[in-house]
Structure formats: C-alpha cells, structure tokens
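Asker: Sequence:
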Amino acid sequence: TGTVEGAFFSGEHFDRGRILQKPEYEYSGRSGDKSYYILSVDVGRLKCDSAICVFKVKPQEVGAPICSLVNIYILYDENLLDQAVKIKRLFYKYHARTVLIDGNGVGQGLVDAMVKSQDDPETGENYPDFGVENDKDGEYKKFVTKRTEMDAMYIMKANAAINSECHSNVLTQLSSGKVKFLIDERTAKQKLLGTMVGKNMTPEQRAIYLQPYY
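When we follow the numbering used here, the leftmost residue of the sequence shown carries the number 1, and every step to the right adds one.
Incorrect hints may appear among the rest.
[What the hints assert, rightly or not] Below, a list of computed lysine-lysine pairs in the DSBU-like style, where the Cα atoms sit at most 30 Å apart:
1. 22 / 86
2. 93 / 157
3. 34 / 47
[As the list claims (entries may be wrong)] Derived DEER-like restraints, expressed as beta-carbon distance ranges:
4. 105 / 187: 13 to 21 Å
5. 137 / 51: 24 to 32 Å
6. 119 / 14: 20 to 28 Å
7. 157 / 57: 35 to 43 Å
8. 60 / 199: 35 to 43 Å
9. 42 / 176: 34 to 42 Å
These are computed hints drawn from the structure, not numbers from a lab. The beta carbon of each residue, even a glycine, is placed where N, CA and C say it ideally should be.
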C-alpha cells in the first residue's frame with residue numbers, strides 16, 4: 001500500500017472506510033437478525049504475531065454484504081494450543097458463524113489444535129473440537145465427536161490464483177464502500193483524551209483501550 005508507484009492498493013481506499021467509532025468486544029444484535037460475525041486468523045508462531053480479525057457481516061438485499069472490521073486481537077509468539085483456546089473463546093463470545101484460518105505452513109498446526117477439545121484456564125470452560133466446513137477429502141472426519149462444533153472452521157490455502165482473486169475482490173469491495181474500518185489510532189486517542197474518563201486513565205489503560213485501532 002502507500003504511494004509507491006504501481007502499488008495495488010492505495011491508502012485512500014482504506015482511509016475512506018475508517019468510519020467506525022467504537023470496537024465491538026462481543027456479540028451485538030444491533031445490526032439486525034441477519035448480521036453475523038466471522039473470525040479471520042492469520043497465523044504466526046516463534047517471535048511472530050497471530051492476528052485475529054473480527055468481521056461483522058451485514059447482508060444486503062442487492063449486491064455484496066457490508067463487512068465491518070470491528071476488532072483485531074493480536075497474539076504474540078504464543079503456543080498453537082493456547083491460540084486455539086483464545087480463538088474458541090472469541091468464537092463463542094461473538095456467536096461467530098465460522099473461523100477462517102490460513103491453513104498453509106504454521107496454520108496447519110493451528111487447525112490440528114482446533115480439531116481437539118481444550119480447557120480454558122481463564123474461564124474454566126471446556127471447548128469442544130471444531131469441525132471443518134470445507135473438508136472435501138474427509139481428512140478431519142476422524143476427529144468428529146458427539147460434541148463437535150460442526151462447520152466451525154473454513155480452511156484457506158492460498159496460491160497464486162486464489163491470491164489474485166482475493167486481491168481483486170477486496171479492491172472492488174473497498175472501492176464500492178462495502179468494507180468499514182475503525183477510525184485510526186491518532187483520531188481515537190484525541191477523542192479519548194477529550195473525555196474525563198480518558199484523562200483519568202493510566203498510560204497502560206489507554207494502550208489497552210487503543211489496541212483495536214492500531
């Protein structure tokens with residue numbers, strides 16, 4: 001992105017969509033019964049970040065749905081089993097329809113963790129194993145149990161053809177105003193410091209509050 005000559009995306013495409021004032025931290029039915037959430041996970045490990053993007057999808061009577069990126073959670077250098085627990089916790093918190101996982105490379109290890117049940121040390125809950133929606137070869141059927149959360153995962157294994165199609169689709173949806181983002185962190189910080197609540201926060205509390213805007 002940026003101003004480099006020949007860049008596929010322009011920063012303006014994203015800036016025009018930065019209209020969301022507040023992140024969402026859990027399921028909200030304010031957008032109507034047809035809206036739903038999707039979690040998208042770009043997997044990292046060994047000194048790398050995993051990014052969990054929370055999209056709220058609002059179908060339209062005509063054309064593509066409106067997709068709002070209502071929150072982003074970053075997991076830094078975490079064990080894949082711990083990542084699976086946190087993803088499942090968010091899945092139930094947002095009543096998500098599915099978790100989209102980049103299944104190439106280290107992402108395959110995360111999928112292997114997700115198809116097993118886990119105990120959440122923070123909430124004490126036991127999360128069931130997650131089923132794979134696009135398991136055409138039946139590779140994950142052997143892990144299905146009576147408790148399986150069926151079709152809770154969709155695995156994407158990108159290649160040149162898929163990348164080209166995805167980039168073109170994203171550009172089309174951005175250009176037509178179908179993708180919404182949170183306001184940038186500088187604007188969010190100014191708004192926060194303009195309130196008594198924000199002024200009374202510690203630097204650590206402000207950093208936590210502003211995390212979704214980065």
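Asker: Can you let me know if the beta-carbon spacing of residue 119 and residue 14 is within 20 to 28 Å?
Answerer: About 39 Å separates the Cβ atoms of residue 119 and residue 14, which means 20 to 28 Å is violated.
Asker: Is the hinted pair residue 93 and residue 157 satisfied, with a Cα-Cα distance of at most 30 Å?
Answerer: Measuring from Cα to Cα gives roughly 26 Å; hence the hint holds.
Asker: Are the Cα positions of residue 22 and residue 86 separated by 30 Å at most?
Answerer: Since the Cα atoms of residue 22 and residue 86 sit roughly 22 Å apart, the hinted pair holds (cutoff 30 Å).
Asker: Range hint 34 to 42 Å: satisfied by the CB atoms of residue 42 and residue 176?
Answerer: 24 Å, violated
Asker: Could one say that the CB atoms of residue 60 and residue 199 fall in the range 35 to 43 Å?
Answerer: Given range 35 to 43 Å: holds, Cβ gap about 40 Å.
Asker: Should the hint that residue 137 and residue 51 are 24 to 32 Å apart at their CB atoms be regarded as holding?
Answerer: Cβ of residue 137 to Cβ of residue 51: about 28 Å, so the range 24 to 32 Å holds.
Asker: For a C-alpha distance cap of 30 Å, please report whether residue 34 and residue 47 respect it.
Answerer: Status violated; Cα separation ~39 Å.
Asker: So does residue 105 sit 13 to 21 Å from residue 187, Cβ to Cβ?
Answerer: 35 Å, violated
Asker: Would you say the C-beta atoms of residue 157 and residue 57 sit inside 35 to 43 Å of each other?
Answerer: Violated, since residue 157 and residue 57 (Cβ atoms, about 22 Å apart) do not stay within the stated range.
Violated hints, listed in ascending order, are 3, 4, 6, 7 and 9; each of the other numbered hints is respected by the structure.
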